[in-house]
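The listed protein sequences derive, respectively, from chains S and F. Be aware that the first sequence starts at 378, since it is given in this note's numbering, and climbs by one per residue. Be aware that the second sequence starts at 378, since it is given in this note's numbering, and climbs by one per residue.
What the hints contain is simulated information worked out from the structure, not anything from laboratory work. Even for Gly, the Cβ is constructed at its ideal location relative to N, Cα and C. Some clues are possibly wrong.
For the chain S half of the interface with chain F, some residues (derived, Cβ under 8 Å), not all of them [to be verified]:
#1 Glu390
#2 Ile394
#3 Pro395
#4 Tyr402
#5 Leu403
#6 Ile407
#7 Phe413
#8 Lys451
#9 Lys453
#10 Val463
#11 Val464
#12 Glu465
#13 Pro468
#14 Ile471
#15 Ile487
#16 Glu506
Protein chains: 2
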Amino acid sequence: MKTTENAIFPKGEKNEIPYFTGTSYLHMLISNDKDFDCVVGNVTFEKKCRNNWHSHPGGQILLVTAGEGYYQEKGKPIRLIKVGDVVEIKPDVIHWHGATPTSEMTHIAINTKASLGLVVWGDAVTDKEYNSYKN
Amino acid sequence: MKTTENAIFPKGEKNEIPYFTGTSYLHMLISNDKDFDCVVGNVTFEKKCRNNWHSHPGGQILLVTAGEGYYQEKGKPIRLIKVGDVVEIKPDVIHWHGATPTSEMTHIAINTKASLGLVVWGDAVTDKEYNSYKN
């Protein structure tokens with residue numbers, strides 16, 4: 378199992394946002410700020426953890442800093458993501474992300490154009506959806 | 378000497394921007410994109426390397442991912458920065474950043490509100506300025 382042992386930024390507190398399945402941690406790096414119009418956080422997903430289907434009115438960029446995870450856009454297959462990967466999530470694209478069943482995953486999340494809105498949450502990702510990854 | 382051995386993102390090509398003293402490397406993670414209005418790059422400074430005095434019309438956020446470096450705003454003392462540190466550079470604040478004399482330094486640089494302008498370059502940082510760090 379790969380772990381987040383090389384994580385660079387603090388793991389932070391247990392994430393209490395009710396739109397996650399499983400356990401995750403959140404450490405804010407940049408809070409909402411009019412000068413930058415960006416919000417930056419470090420998110421760690423324990424294995425099997427994922428967030429609900431959701432979208433970002435202003436878009437989001439993920440920079441994977443440790444472990445391996447999943448990223449899926451609505452209507453497309455799950456994409457395996459790992460250390461060093463960059464994920465570009467365009468505004469209003471419905472998607473989810475999380476750890477794999479066997480590895481934690483940590484990413485920096487940059488919410489761009491934050492003034493347009495940070496996130497619109499949808500339904501939880503079912504086990505059937507989560508387990509649909511094909512190598 | 379601390380090195381960038383734990384760097385996560387590719388080191389990239391030798392940086393040919395003529396506003397640096399010493400050797401640096403640049404790997405773009407997100408190029409200028411209207412949807413995000415951000416530019417994201419991974420920059421590695423070899424020891425002693427620094428960029429010129431400069432400012433960002435739209436601001437910049439630095440996320441230090443390896444090594445130790447210097448950050449200085451005009452009129453203030455040099456600040457030592459290291460792995461896990463976040464530097465908030467407000468729009469139009471004149472500053473420079475780079476490695477220390479004894480350590481490489483790698484940071485992710487997020488240019489925010491890129492449409493306002495990425496960078497305005499000024500004079501090189503003199504050896505006297507670079508060597509003014511007080512522990």
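Verification of the supplied hints:
1. Glu390: violated, 16 Å
2. Ile394: Given a least distance of 21 Å, the restraint on Ile394(S) is violated.
3. Pro395: violated, 27 Å
4. Tyr402: Result: violated, 15 Å to nearest chain F Cβ.
5. Leu403: Because about 15 Å separates Leu403(S) from the closest Cβ in chain F, which is outside the 8 Å limit, the hint is violated.
6. Ile407: holds, 6 Å
7. Phe413: holds, 4 Å
8. Lys451: Interface hint status for Lys451(S): violated (18 Å vs cutoff 8 Å).
9. Lys453: violated, 18 Å
10. Val463: holds, 5 Å
11. Val464: violated, 10 Å
12. Glu465: holds, 7 Å
13. Pro468: This hint holds: Pro468(S) lies near chain F, its Cβ roughly 6 Å from the closest one there, short of 8 Å.
14. Ile471: violated, 16 Å
15. Ile487: Where the cut-off is 8 Å and the nearest Cβ of chain F is about 6 Å from Ile487(S), the hint holds.
16. Glu506: violated, 26 Å
The structure shown violates the earlier hints numbered 1, 2, 3, 4, 5, 8, 9, 11, 14, 16.
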